[in-house]
Structure formats: C-alpha cells, structure tokens
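Based on the sequences and whatever the hints tell you, model everything.
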Amino acid sequence: MRIVSHSFWPVLVYLSWATVAVGAYPERLDNAARTMVEAEKNFYQAGQERGTRAAVLAFLADDGVVFRPGPVNGKKVWTERPETGLDLIWEPTFASMARSADFGFTSGPAQWKAKKEDEKPLGYGQFVSVWKKQKDGSW
25 MRIVSHSFWP VLVYLSWATV AVGAYPERLD NAARTMVEAE KNFYQAGQER
75 GTRAAVLAFL ADDGVVFRPG PVNGKKVWTE RPETGLDLIW EPTFASMARS
125 ADFGFTSGPA QWKAKKEDEK PLGYGQFVSV WKKQKDGSW
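Read left to right, the sequence shown gives residues 25 to 163 (our numbering).
Hints were generated in silico from the structure; no laboratory data involved.
The structure displayed is predicted, hence computed values, not measured ones.
A few of these clues could be false.
What the hints assert, rightly or not - With a straight-line Cα cutoff of 25 Å, these simulated BS3-like cross-link-like pairs (lysine-lysine) come out:
#1 K157 <-> K99
#2 K99 <-> K156
#3 K144 <-> K100
#4 K140 <-> K65
To be verified - Simulated restraints on C-beta separations:
#5 Y148 <-> N66: 20 to 26 Å
#6 V96 <-> N55: 30 to 36 Å
#7 G161 <-> V89: 18 to 24 Å
#8 K100 <-> P145: 17 to 23 Å
#9 A138 <-> K159: 36 to 42 Å
#10 R105 <-> R52: 33 to 39 Å
#11 K139 <-> R52: 38 to 44 Å
#12 G161 <-> A138: 33 to 39 Å
#13 F118 <-> E73: 23 to 29 Å
#14 E107 <-> D86: 31 to 37 Å
Every residue gets a Cβ at the ideal spot worked out from N, C-alpha and C, and that includes glycine.
Laid out in structure tokens, this is it:
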C-alpha cells in the first residue's frame, strides 16, 4: 500500500502543475487579445485625430499587406495615396488570438462619410485587421 501512495505523489504534482498551466493559459490569451483590441482602438483614434492615411502609415508594419483587390505592399500604396478627407468610422466587435499570443485579428462594422459632421454615411462595410506583435511588444 505504501508503494502505491508514494508513486501517486508525482502524478498528483504533475496534474496540479498542468492545472495551473492550463488555468494561466486563457488569461495570457485574454490579456494579449485585450491589448490587441486596444491597439485597434488607438488606430481608430489616430485616424480621427490625424486622418486615415496618417493613421494607416503609423500603424501598418513595413511589410504589411493591403488588398487592392489583390495583395500589395500597404506602406507603398498608402504613401502614394493622397488624404481624401473621408471620415472612416469602425469599431472592433470580434477578435481572435493565436495560441502563441503574438498574432491575431479584429473585425467589425465600418462606414465612411464625406465629412465627420455628415449624418448619412456614403457607404458601409466590414473591416478585418490582422495584427502581429512586434519585437518591442507593440502591435
């Protein structure tokens, strides 16, 4: 009987460590997703304050891709694009994070207006932003 109880302790310790690790895992993902959504909201706020073009150039990675309609280098496209003055309004309503907690996406509704004070939007759509954590910890 004593042999069984001694051999049980390593299993119990292993299971308790596994439970702690599994319990911490979702919290790490939640924190990463939360900071990613905050980055999306900061991106939106920068667009409201400085214009969409300036915000995209500030938040888009040098190797970031946009679709026009196929994939192209985003920095190049947005550098060559003039500021239109359109008011782009978007809000993340869904986010998903990779298990690695360094890659994810946000999505939600978008609309654009000729001017901020216009009541009627010119158009509606859905946006998707793909986020990759940078070496400095920013998104």
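Hint by hint, here is what the structure shows:
1. K157 <-> K99: 18 Å, holds
2. K99 <-> K156: Distance of about 16 Å is within 25 Å: holds.
3. K144 <-> K100: 31 Å, violated
4. K140 <-> K65: Status holds; Cα separation ~18 Å.
5. Y148 <-> N66: 20 to 26 Å: 23 Å, holds
6. V96 <-> N55: 30 to 36 Å: Between V96 and N55, where Cβ atoms are some 33 Å apart, the hint holds.
7. G161 <-> V89: 18 to 24 Å: Since the Cβ atoms of G161 and V89 sit about 22 Å apart, the hinted range of 18 to 24 Å holds.
8. K100 <-> P145: 17 to 23 Å: Given a distance of about 28 Å, which is not inside 17 to 23 Å, the answer is violated.
9. A138 <-> K159: 36 to 42 Å: Holds, at about 39 Å.
10. R105 <-> R52: 33 to 39 Å: 37 Å, holds
11. K139 <-> R52: 38 to 44 Å: 42 Å, holds
12. G161 <-> A138: 33 to 39 Å: For G161 and A138 the Cβ distance comes to about 38 Å; the hint holds.
13. F118 <-> E73: 23 to 29 Å: 25 Å, holds
14. E107 <-> D86: 31 to 37 Å: 20 Å, violated
In summary, the numbered hints that this structure violates are 3, 8, 14.
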